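Go by the hints and put chain D onto chain L.
Order-wise, the sequence lines are chains L and D.
So for the first sequence, my numbering puts the first residue at 22; every next one is plus one.
So for the second sequence, my numbering puts the first residue at 498; every next one is plus one.
Simulated from the structure, these hints should not be mistaken for laboratory data.
Certain hints may be false.
Below 20 Å or equal to it, Euclidean Cα-Cα: the simulated EDC-like pairs (lysine to aspartate or glutamate) are [what the hints assert, rightly or not]:
hint, chain 1, residue 1, chain 2, residue 2
1, L, K144, D, D550
2, D, K771, D, E736
3, D, K733, L, E135
4, D, K830, D, E736
Since the structure is predicted, the reported quantities are computational estimates derived from the model, not experimental observations.
Each chain, written out:
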Amino acid sequence: MSEPQEIIVIEKNNLLGIVSDLFAQGYRLVQIGCTTLQSSYELNYSFDKDYHFKNLRFIVAPEEEIQSISVIYPNAFLYENEIHDLFGLTIKNITIDYHGTLYRTAISTPFSIENCPVPEPPKPKRETPQETAETQNQNPEVDEQPKE
Amino acid sequence: MAHKNIIPFGPQHPVLPEPIHFDLVTEDEKIVDAIPSISYVHRGLERLVEKRDFNDFVHVADRICGLCSFMHCMGYCQAVEEVMGIQVPERALFLRTIWAELARIHSHIFWLGVAADAFGYESLFMQSLRLRELVLDIIEETTGGRVIFGSCKVGGVRRDIDNETLKGIVNRLTNMKAELDELTTVFINDYSIQHRLVGVGFFSKEDAYTLGCVGPMARASGFALDMRTLGYAAYKFLEIEPVVEYGGDCYARCLVRIREIFQSIDLIRQAAGKISEGPIDVKVKGTPDGEYFSRVEQPRGEVIHYVKGNGSKFLQRFRVRVPTFTNIPGMIKVLKGSQVADVPNIILTLDPCISCTER
Numbered sequence: 022m023s024e025p026q027e028i029i030v031i032e033k034n035n036l037l038g039i040v041s042d043l044f045a046q047g048y049r050l051v052q053i054g055c056t057t058l059q060s061s062y063e064l065n066y067s068f069d070k071d072y073h074f075k076n077l078r079f080i081v082a083p084e085e086e087i088q089s090i091s092v093i094y095p096n097a098f099l100y101e102n103e104i105h106d107l108f109g110l111t112i113k114n115i116t117i118d119y120h121g122t123l124y125r126t127a128i129s130t131p132f133s134i135e136n137c138p139v140p141e142p143p144k145p146k147r148e149t150p151q152e153t154a155e156t157q158n159q160n161p162e163v164d165e166q167p168k169e
Numbered sequence: 498m499a500h501k502n503i504i505p506f507g508p509q510h511p512v513l514p515e516p517i518h519f520d521l522v523t524e525d526e527k528i529v530d531a532i533p534s535i536s537y538v539h540r541g542l543e544r545l546v547e548k549r550d551f552n553d554f555v556h557v558a559d560r561i562c563g564l565c566s567f568m569h570c571m572g573y574c575q576a577v578e579e580v581m582g583i584q585v586p587e588r589a590l591f592l593r594t595i596w597a598e599l600a601r602i603h604s605h606i607f608w609l610g611v612a613a614d615a616f617g618y619e620s621l622f623m624q625s626l627r628l629r630e631l632v633l634d635i636i637e638e639t640t641g642g643r644v645i646f647g648s649c650k651v652g653g654v655r656r657d658i659d660n661e662t663l664k665g666i667v668n669r670l671t672n673m674k675a676e677l678d679e680l681t682t683v684f685i686n687d688y689s690i691q692h693r694l695v696g697v698g699f700f701s702k703e704d705a706y707t708l709g710c711v712g713p714m715a716r717a718s719g720f721a722l723d724m725r726t727l728g729y730a731a732y733k734f735l736e737i738e739p740v741v742e743y744g745g746d747c748y749a750r751c752l753v754r755i756r757e758i759f760q761s762i763d764l765i766r767q768a769a770g771k772i773s774e775g776p777i778d779v780k781v782k783g784t785p786d787g788e789y790f791s792r793v794e795q796p797r798g799e800v801i802h803y804v805k806g807n808g809s810k811f812l813q814r815f816r817v818r819v820p821t822f823t824n825i826p827g828m829i830k831v832l833k834g835s836q837v838a839d840v841p842n843i844i845l846t847l848d849p850c851i852s853c854t855e856r
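In isolation and in its complexed conformation, chain L is listed as follows (with noise of 0.2 Å):
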């Protein structure tokens, strides 16, 4: 079964103003996560209200702020200090602000783009005439799991 879940993407400076109605509409927050992109992160706030799933979605630049939300929802903290401590990016006016000192991790930023470079999606393969007729000749039914 698969449950509905909506993503809405938004502006940065919108979500203040966003996570507030959701507060004021009764939804929880579920949790807040980060994404390493090439050269930016992108942000998943995760709300739910009666088993509906919410996500808003931004896309932030490694230098820019971001607005914490512990003031609407008080256990934002725990995950805006998650993602300053692994992804190094700067969050304003949290609520209980660990200034980096939730994970001891050996290095810092462990998630940051430096220390953690997405690799390139797969190119699609162009594929030539005499290499379309030999992919006709095998089996259709290749599994591409790996050997146990």
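Same frame as chain L, but now just chain D:
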């Protein structure tokens, strides 16, 4: 105004043998603030997706935690299957549900044992672990592992359980219920245990909601949140109601876990009665290209596995939001205002799993 002292709790403590630390700011015997500190053994498993392909990574997901191993594996597989549009056979969904509920039973009984040990009830601890052993035996017979199941994979499950064995499992669990009744009666009715738990560590429903708490911690405060009602795996075929208590204290959290053990036994009985014949897996073709937030109910509450693939066999991002991590703000709230002597019991009834948290 009393002088403020800071009392360190953990990372090594006889009641909570897991590495989490709290700086408890106290005024006399009363706690006015609690500052948590985690990440003593952070493993960075999320970044292993760069080195293990999406099929191999199932084994890593299985090893995030010992007590919730199967749920992590199932959540990860569900996410990848959603991204790749894989239709898992119905029999595999039922088998996943049965193993998930067996994992919940053994986790909750283990918690009862650890709680009994914390109260100073050594015999009760032994009896709890003796009963847990019966569940571990079933898990070992059906998966080959006792803690790490290794039975889930992308596209289905690796092993089948024949219908005769399933009937046997249901009979064994039904027989176990009598012993469980006897065991849990002590937790429910014993004067000393009630004295330690009733009215201690109160947590309101409003706090549970606004602080994003999940699992038994939320349900013991009257917040009926259970991801199984979403109907993932075979739960859509089973009758399930979240177990809710309204006390909001340590005793209510204990009651929720006790009632959930019996609920899980009933769910296994239902699943064994409804499971159909058929294949247990499908061939996986292609590579994941897309993203999905998979939500699964672990023994400690809602866990999220976020998977993002870019069309290669290595995932671009894997993130786990574990229930203990999201329960930490609630934990701080409960500790504030409580007595120092109650801290071990309070933290224990919140049942933090640091192995999950340090994924």
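Checklist entry - Which of the stated hints cannot be reconciled with the structure, identified by number in ascending sequence? => result 3, 4
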